[in-house]
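For the protein sequence lines, the chains are L and V, in the order given. The numbering of the first sequence is the working numbering, which starts it at 1 and goes up by one. The numbering of the second sequence is the working numbering, which starts it at 1 and goes up by one.
Keep in mind that a hint or two might mislead.
[As the list claims (entries may be wrong)] Below, simulated DMTMM-like cross-link-like pairs (lysine to aspartate or glutamate); rule was C-alpha separation at most 20 Å, straight line:
#, chain 1, residue 1, chain 2, residue 2
1, L, 116, L, 32
2, L, 18, L, 2
3, V, 17, V, 68
4, L, 116, L, 2
5, V, 17, L, 2
6, L, 116, L, 50
7, V, 17, V, 4
8, L, 116, V, 55
9, L, 116, L, 99
10, V, 17, L, 48
11, L, 124, V, 18
12, L, 124, L, 50
13, L, 124, V, 13
14, L, 116, L, 48
Hints listed in this document are in silico derivations from the structure and should not be mistaken for laboratory results.
Here are the chains, one letter per residue:
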Amino acid sequence: MDLFSLSDLALDPCSLSKTVCDRAAGGYVSFEGWVRDHHENRAVDHLEYEAYPALCLNAGTGIVQEAIERYRLRRARAVHRTGTLAIGEIAVWVGVSTDHRQEAFDACEWIIDRIKHELPIWKKEFYPDGTSVWVRCQACANHPVAA
Amino acid sequence: MTIELHWFSILREQRGKDREIVEFEGGSAGDLYRRLAILHAFALPVPSLRVAVNDAFAEWHTPLSDGDRVVYIAPVGGG
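Here chain V stands alone, though its shape is the one from the complex:
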């Protein structure tokens, strides 16, 4: 399946791009992050992040489907 990734803030800077399409063999949103974190040497640990699937907050164990839009959310700092 293919997953559409959008990157923001510190993760966008570390990844060097704001969006991309990746091939994924299947699994959860957490499975994909752990794979990407190793691939791109992301320093942010899973407990510090949240994840959104198709523009809604999701759980790490949420299974991903072909074409999903996924965003990994670094610690927020609005206000």
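So here's chain L without its partners, still in its complex pose:
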């Protein structure tokens, strides 16, 4: 089982949850990131996610492995979507199992925070008027290149 993977197909949380089952675990926590229909007061029609696969797999596996050691998890796994996603689809799934619940909550939050902030995955929002924007890139692009 890959600790971290990318998928261009819809994620099935029921199937994914079974991959972190462990008889020694007393708790399981998962997080599903969903595609919402708005962002910063603007209606969103759909999203596209683009990833740098080789670095995502290296760094994503490192994040989940570090979480396993840091929070003494029994099992953990994370999957991120790529491609075109409709409103309501699951963009990212994280699941962890551990002996006690607090470590499971903490580890799940730690993993999703690291994934969002570190992995080379980009989100493009498409709006009902036909325009689109790379999220988090637009504000930076309004400034000139530093010498």
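Starting from the structure of chain L, add chain V where the hints point.
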């Protein structure tokens, strides 16, 4: 030396291609980006970017070697 560049997201769109081989006289990953930014009028400033060399995060001052694969990483937005 030659450097293999891979482009993703907003930089891929601005460059108009997803990969290319470029000649480089030598220097750091930052030196190469500054040269490319002027050449292609990239709007993203260095402080907003990260760089990867051979599929691992690297520092801007990392010296490049012949045949290296370099990716400039625009602000990410996963999740």
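Comparing the hints with the structure gives:
Using a Cα cut-off of 20 Å, the hinted pair residue 116(L) and residue 32(L) holds, with the two alpha carbons roughly 13 Å apart. Simply put, residue 18(L) and residue 2(L) have alpha-carbon atoms about 14 Å apart, close enough for the 20 Å limit, and the pair holds. About 18 Å separates the Cα atoms of residue 17(V) and residue 68(V), which keeps this hinted pair within 20 Å; it holds. Of the supplied pair hints, the one linking residue 116(L) and residue 2(L) holds, its CA atoms being roughly 19 Å apart against a limit of 20 Å.
Under the criterion of a C-alpha separation no larger than 20 Å, the hint pairing residue 17(V) with residue 2(L) is inconsistent with the structure, at around 31 Å. A threshold of 20 Å between alpha carbons decides the hint, and for residue 116(L) with residue 50(L) the separation of about 13 Å falls inside it, so the pair holds. The straight-line distance between the Cα atoms of residue 17(V) and residue 4(V) is roughly 13 Å, inside the 20 Å bound, and the hint therefore holds. As the CA atoms of residue 116(L) and residue 55(V) are separated by approximately 18 Å, the hinted pair is consistent with the 20 Å bound.
In summary, the hint linking residue 116(L) to residue 99(L) is not supported, as the alpha carbons are separated by about 26 Å, beyond the 20 Å threshold. In summary, the hint linking residue 17(V) to residue 48(L) is supported, as the alpha carbons are separated by about 18 Å, within the 20 Å threshold. For the proposed pair residue 124(L) and residue 18(V), the alpha carbon gap of about 17 Å is at most 20 Å, so the pair holds. Note on residue 124(L) and residue 50(L): the hinted pairing holds, with a Cα-Cα distance of about 8 Å set against a maximum of 20 Å.
For the hint pairing residue 124(L) with residue 13(V), the CA-to-CA distance comes to about 12 Å; that is within 20 Å, so the pair holds. For the hint pairing residue 116(L) with residue 48(L), the CA-to-CA distance comes to about 15 Å; that is within 20 Å, so the pair holds.
Going through the hint list in order, the structure does not satisfy hints 5, 9.
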